[in-house]
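**Student:** So the protein lines, in turn, are chains A and B.
Residue numbering for the first sequence follows the numbering used here, starting at 4 and increasing by one per position.
Residue numbering for the second sequence follows the numbering used here, starting at 4 and increasing by one per position.
Wrong hints could be hidden among the right ones.
Stated by the list, open to error - Each computed DSS-like pair below joins lysine-lysine, with the alpha-carbon atoms no more than 30 Å apart: (1) A/146 with A/29; (2) A/146 with B/399; (3) B/60 with B/146; (4) B/399 with B/567; (5) A/60 with B/399; (6) B/399 with A/399; (7) A/29 with B/399; (8) A/399 with B/60; (9) B/60 with B/29; (10) A/60 with A/146; (11) B/146 with A/399; (12) A/60 with A/29.
Claimed, not checked - Pairwise CB distance ranges (calculated): (13) A/646 with B/336: 25 to 35 Å; (14) A/350 with B/119: 24 to 34 Å; (15) A/646 with B/332: 20 to 30 Å.
Simulated from the structure, these hints should not be mistaken for lab results.
Think of the CB as a built atom: it goes at the ideal place given N, C-alpha and C, for glycine as much as any other residue.
Listed below are the residues making up each chain.
Protein chains: 2
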Amino acid sequence: MNHASYDAFVQPRSVAIIGASDDGQKTGGRTLRYLDTYGYEGEVHPINPRRASVQGKRAYPDLAAVGRPVDLAIIVTPAEHAVAALEQCVTAEVPAVITITSGFAELGADGAALQRELQAVLRGSATRMLGPNCVGLVSVRAKLAATINTGMDQDRFDLRDGGIAFLTQSGAMGAFVFNMSQTRRVGLGSLISTGNEMDVSFPEMLHALLDDPAVSGVAGYIEGIRDGEAFAGALRHAQEVGKPLAFLKVGRSPLGVEAIASHTGALAGSDAVYSGVFEQYGVTRIAGVEALADWAQMVDLARRPAGDRLSVTTTSGGGGVLVADHCTDLGIRMATWDGEWQRKLADALPEYLSARNPIDMAGTGGNSEALREVLALMGDHPGTDVAMVLIGNLDKEEDPLIQVLHEAHRATSKPLVVVWVGGSGRPVVELTSRGVPAYTDPGRALQALSGLMAAQRAAARPPATRPPIEEGRRERARALLTEARAAGLGVLDEHRAKQLLALYGVPVVQETVATDPDAAAAAAERLGYPVAVKLLADDVAHKSELGGVLLGLSSAGEVAGAAKDMLARLPRPVADGARLLVQPMVAPGLEMLLGIKRDEAFGPVLVVGLGGTWTEVLEDVQLRLPPLSAEDVDDALGALRSARLLGAFRGAPERDRDAVVAAVQGLALLAAELADEIAELDINPLIVGPRGNGAIAVDAVVVPRVACPSSTPEGARP
Amino acid sequence: MNHASYDAFVQPRSVAIIGASDDGQKTGGRTLRYLDTYGYEGEVHPINPRRASVQGKRAYPDLAAVGRPVDLAIIVTPAEHAVAALEQCVTAEVPAVITITSGFAELGADGAALQRELQAVLRGSATRMLGPNCVGLVSVRAKLAATINTGMDQDRFDLRDGGIAFLTQSGAMGAFVFNMSQTRRVGLGSLISTGNEMDVSFPEMLHALLDDPAVSGVAGYIEGIRDGEAFAGALRHAQEVGKPLAFLKVGRSPLGVEAIASHTGALAGSDAVYSGVFEQYGVTRIAGVEALADWAQMVDLARRPAGDRLSVTTTSGGGGVLVADHCTDLGIRMATWDGEWQRKLADALPEYLSARNPIDMAGTGGNSEALREVLALMGDHPGTDVAMVLIGNLDKEEDPLIQVLHEAHRATSKPLVVVWVGGSGRPVVELTSRGVPAYTDPGRALQALSGLMAAQRAAARPPATRPPIEEGRRERARALLTEARAAGLGVLDEHRAKQLLALYGVPVVQETVATDPDAAAAAAERLGYPVAVKLLADDVAHKSELGGVLLGLSSAGEVAGAAKDMLARLPRPVADGARLLVQPMVAPGLEMLLGIKRDEAFGPVLVVGLGGTWTEVLEDVQLRLPPLSAEDVDDALGALRSARLLGAFRGAPERDRDAVVAAVQGLALLAAELADEIAELDINPLIVGPRGNGAIAVDAVVVPRVACPSSTPEGARP
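Using the sequences and the accompanying hints, generate a full structural model.
**Tutor:** This is the structure:
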């Protein structure tokens with residue numbers, strides 16, 4: 004979306020409402036009413052062919068009759084008139100349209116047909132459209148409530164502007180979260196409901212929001228992304244521009260996927276892929292509704308922490324312990340106070356309290372002057388990156404405490420986070436209004452803080468860039484795959500698979516193809532013993548199940564004999580034309596599995612895990628998208644629950660982690676360059692030696708992709 | 004604590020305040036003021052030797068001068084006068100005392116000495132004491148605010164009575180939670196701060212609360228329990244009487260443990276033991292502050308669910324998906340609507356909405372009449388155990404919706420849970436006030452619901468009872484241990500260890516002790532091949548490190564030869580007097596480890612896990628306390644992350660789970676009967692065969708306990 008289109012959505016100079024109704028309670032009338040209620044200052048043109056005025060405003064029979072340029076048109080007609088309404092917009096060259104009207108792809112085949120008509124109208128024009136079947140858009144800075152969300156019927160809130168945009172695939176959830184956040188005085192500066200995403204998609208709007216200097220972070224509610232590549236591109240963009248993202252992605256569970264399928268027909272996608280992608284780009288994965296507002300408040304208000312060391316002062320020793328527990332769960336460190344800083348702290352505290360972090364001020368923490376002194380120390384202490392205050396109740400001291408906290412916030416460049424449990428609730432709202440992040444629960448505050456920290460870490464790491472495609476290598480790889488397809492193979496044999504891997508720098512075991520047992524014995528003599536001899540036959544992916552893997556053979560006689568026996572046991576069609584693969588035995592090491600899977604939305608996805616039964620028992624794998632920097636791979640390895648096995652463990656030596664990283668990066672390059680050619684690839688095992696001794700792919704299977712154009716399934720989300 | 008003492012704490016007919024001050028803002032005056040503010044109706048006697056009246060009430064120089072019986076005395080004097088104050092109470096035979104005064108064991112050696120003086124005063128008397136160093140007690144039904152908690156300074160709340168007692172080891176956190184809950188209209192009927200637990204301990208008060216018919220559940224904040232056995236007894240009691248428990252136990256992390264040590268010197272104890280114990284008795288482990296109030300509201304208000312099948316109706320399809328996700332995480336099932344019930348549901352919904360659960364009512368959900376119809380169906384539907392409503396905003400429809408929800412709650416015997424996101428916030432408070440559990444976040448509501456369900460399941464399962472100690476067996480076992488101790492052994496040898504296990508019905512491998520290699524060969528001939536030969540020597544716990552384990556020997560010659568070589572390689576002091584253990588090789592199977600560890604607070608704890616490196620990598624063990632029913636053990640096995648390996652998995656057969664259960668129960672019996680005799684016991688491995696083929700302990704180590712009286716460390720929690 005270009006800047007002009009984006010601006011027309013969020014800061015239009017003029018708005019037309021097509022299908023505007025005189026009844027401000029009806030869907031057709033509500034948007035016009037909200038524009039008025041919230042004080043939109045641009046021109047507003049109701050379009051209604053049957054009325055001269057609507058809600059006291061001059062109405063026009065159609066857009067052409069307006070006779071002035073319209074930046075944003077909002078379609079609220081019944082579905083059967085939406086096509087004609089959109090035609091008017093295209094004709095009038097309206098840059099931005101929000102089709103709120105529902106009754107399209109979300110309703111099955113008939114609706115989908117109607118949506119295709121809408122799509123045809125838009126094709127080739129410069130008009131961009133949000134929706135259909137969405138609740139619309141609210142842009143606080145433009146005082147624009149272009150929505151049918153009845154949550155706007157709370158006259159009591161003057162909307163609070165702020166740097167956080169909220170982008171949602173569920174209109175109702177979006178309305179809930181927007182309303183709840185505004186009530187808490189959290190600065191959600193915009194609410195954008197994407198509906199069926201017929202034209203403007205979630206990733207595209209996300210990308211545009213990130214380019215808006217008024218937006219400092221984006222929160223979102225996701226059911227399923229159709230264009231994974233565009234989504235990943237937007238996430239990389241967020242990392243580049245250093246703007247934190249947080250998504251509540253539903254459909255984590257089979258039950259949830261079923262519910263999505265039932266309510267919209269949208270593709271939930273593999274949840275493990277989303278988890279991997281979020282991890283990769285430092286995106287916070289939000290678990291609950293209120294946690295979205297918690298995060299938004301933190302990102303909107305908190306200063307950016309320089310590190311992850313937290314000091315907390317509290318009136319409750321028990322609360323300090325709880326904070327320490329939460330910090331451990333969330334990977335936040337507790338700051339250390341020692342030497343002169345500990346002495347300074349001791350001077351600020353009554354004698355009976357010990358000077359350490361968590362800083363238990365007991366009853367004195369409710370004294371605003373005592374608190375002021377400790378806050379100043381936390382601001383100055385070089386070992387503290389984040390200052391937190393945990394207090395509670397204290398109804399009689401609210402005002403002086405609010406004042407001290409507000410001043411401390413202004414006086415420091417570090418984030419100050421306040422948690423005020425119990426009491427009247429007023430201090431939390433008041434502090435938030437004054438720009439101090441304030442919460443009612445320490446766990447929720449720290450969860451939000453950890454999201455901010457993760458985004459900071461991701462932004463500090465340059466995103467991996469895709470190296471230019473090396474044509475020579477790619478052509479050789481394609482030739483291998485074409486040859487296999489030409490031979491009618493559904494699966495590449497082990498030898499070809501390893502040739503492919505070697506092209507991309509993944510170390511593979513040295514091996515010789517032999518046509519018969521005697522040739523295998525001769526090859527073994529050249530390679531040196533012990534050797535492995537494996538069946539090499541077309542379309543046999545699981546040769547061990549056919550007895551086709553012979554390990555640890557230690558003489559020419561043994562090789563020839565065992566190979567003959569193996570061939571004799573095979574079913575005739577397999578034995579005919581079968582060859583033998585002779586490899587030196589690789590020294591035992593840590594077994595890992597690497598692979599590529601194809602995701603419907605995201606395309607090729609890298610899979611990394613430890614090998615063997617346990618990986619399967621625990622489903623302990625990490626998924627990532629190409630391209631991958633070395634740091635990205637290292638993080639993925641660290642995220643495995645079994646990561647300890649890569650270090651020195653129980654007498655086993657530290658493993659060659661660098662070699663694993665290099666192999667995964669090679670595989671990522673392969674995945675990127677051959678994205679359309681590979682359906683699936685498995686290296687199992689990659690044997691990882693002690694540090695400095697490398698890692699080597701001992702077996703591999705490649706399933707080439709049967710050519711088919713990538714289809715974009717139709718979907719819709721009400 | 005007997006009933007009379009308990010009643011004197013929570014429903015005293017008369018209260019004396021020793022050290023009462025005329026200044027209602029000071030610590031000494033606050034309690035007297037709160038008794039007045041909250042309308043305590045019994046007699047109140049301020050004790051102050053320097054004043055004739057205090058806060059307008061007649062004061063007495065000492066307790067004796069009151070001349071009437073006092074049920075509850077509250078000591079708020081400075082620490083140096085507390086001993087004399089307690090002496091007055093003992094003399095006057097006051098049944099219950101709350102010593103709020105601080106300055107005791109929580110302040111190091113001097114304070115501990117003063118606390119010992121207090122303790123000496125109490126010894127032998129019938130007076131029971133809470134504290135010292137606590138914030139006191141609030142009992143809503145008695146209108147008794149016997150506390151210094153300044154959170155009571157919110158005149159705006161008339162306290163709400165309810166069935167949930169809140170027991171806390173942190174005074175400040177207790178005050179925060181109590182206040183926050185009351186503001187939300189959650190029925191915390193009492194707040195009891197246990198302080199240093201010099202006399203009345205957390206477990207003892209917990210037990211007494213469970214016997215109070217007005218208490219339907221207990222929530223607690225725990226830093227560390229000193230008497231684990233009493234605590235476990237109280238948890239078993241809760242299971243028996245079917246009252247749900249939930250604890251926020253802090254000190255989960257090393258950081259948290261450090262913080263506890265710093266702020267109180269209390270023992271945090273091994274957190275893994277707490278997790279196991281909570282799991283065992285169906286206790287909900289609470290993670291955060293607000294979650295405590297969430298749980299309390301659910302247990303206080305919700306009807307008891309007959310099962311775990313939830314139906315949810317919502318105005319947000321996206322919200323329904325989120326509910327399904329949360330349910331999967333929490334082990335709550337989604338109810339199925341089919342056949343006639345699906346037809347009935349379809350009749351109640353507009354045609355464009357699909358009749359299934361989650362029941363997406365879209366916009367019609369905001370219509371109270373439409374909602375009434377769906378609620379009635381959820382109440383009637385036999386496949387629904389819990390009905391949930393998820394709506395949001397709807398400020399203009401609040402009153403009719405509240406009415407419909409309240410009526411639906413009254414009309415059904417199933418729990419109805421309301422989640423109302425955003426909006427004015429009034430409906431949640433109003434519904435709670437009317438007895439309908441209502442929340443602002445679906446995840447928080449479902450978390451609380453899952454706690455209630457877990458307690459229901461635990462209550463449905465009779466607690467394991469300790470079988471009577473079988474003296475003959477225990478005497479034989481003790482003889483074995485005494486013999487080892489007499490021989491100066493720090494560790495029982497493998498043979499003795501297995502004899503001990505066999506006494507308790509744990510199957511052990513058949514074996515013969517041989518004095519020399521030739522005798523070993525003869526024994527092998529009798530046992531049949533292949534055999535294992537192991538070094539049997541005093542105080543060698545890890546014989547494999549000395550090369551003392553020879554496996555898979557298959558002839559007399561091999562046995563004699565290998566055994567001779569092994570003995571020759573041993574250092575002289577070990578070889579002298581060493582014997583040999585000859586065992587038939589056990590067929591390979593699933594390797595598990597079972598054991599007993601000693602916890603400072605809880606005594607002997609059973610450890611169950613899968614064997615091998617992975618268990619260590621993942622720390623995948625479960626801890627439980629004896630006694631254990633078969634269901635208890637089965638649950639513990641199911642809680643292992645690697646539990647799938649006990650079933651048929653990847654071509655391996657299903658394992659003999661019953662045999663594992665029997666072995667663990669035998670070990671639990673051993674742990675209970677020999678609690679004071681065993682410091683540590685490890686069976687590694689227990690080899691588990693296919694179903695019907697049993698499980699057998701192949702190796703075991705027992706460390707007898709060096710006799711020492713169990714010490715009760717002094718501790719304190721402000």
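**Student:** Quick one: which hint numbers does this structure break? Sort them smallest to largest.
**Tutor:** 4 and 6
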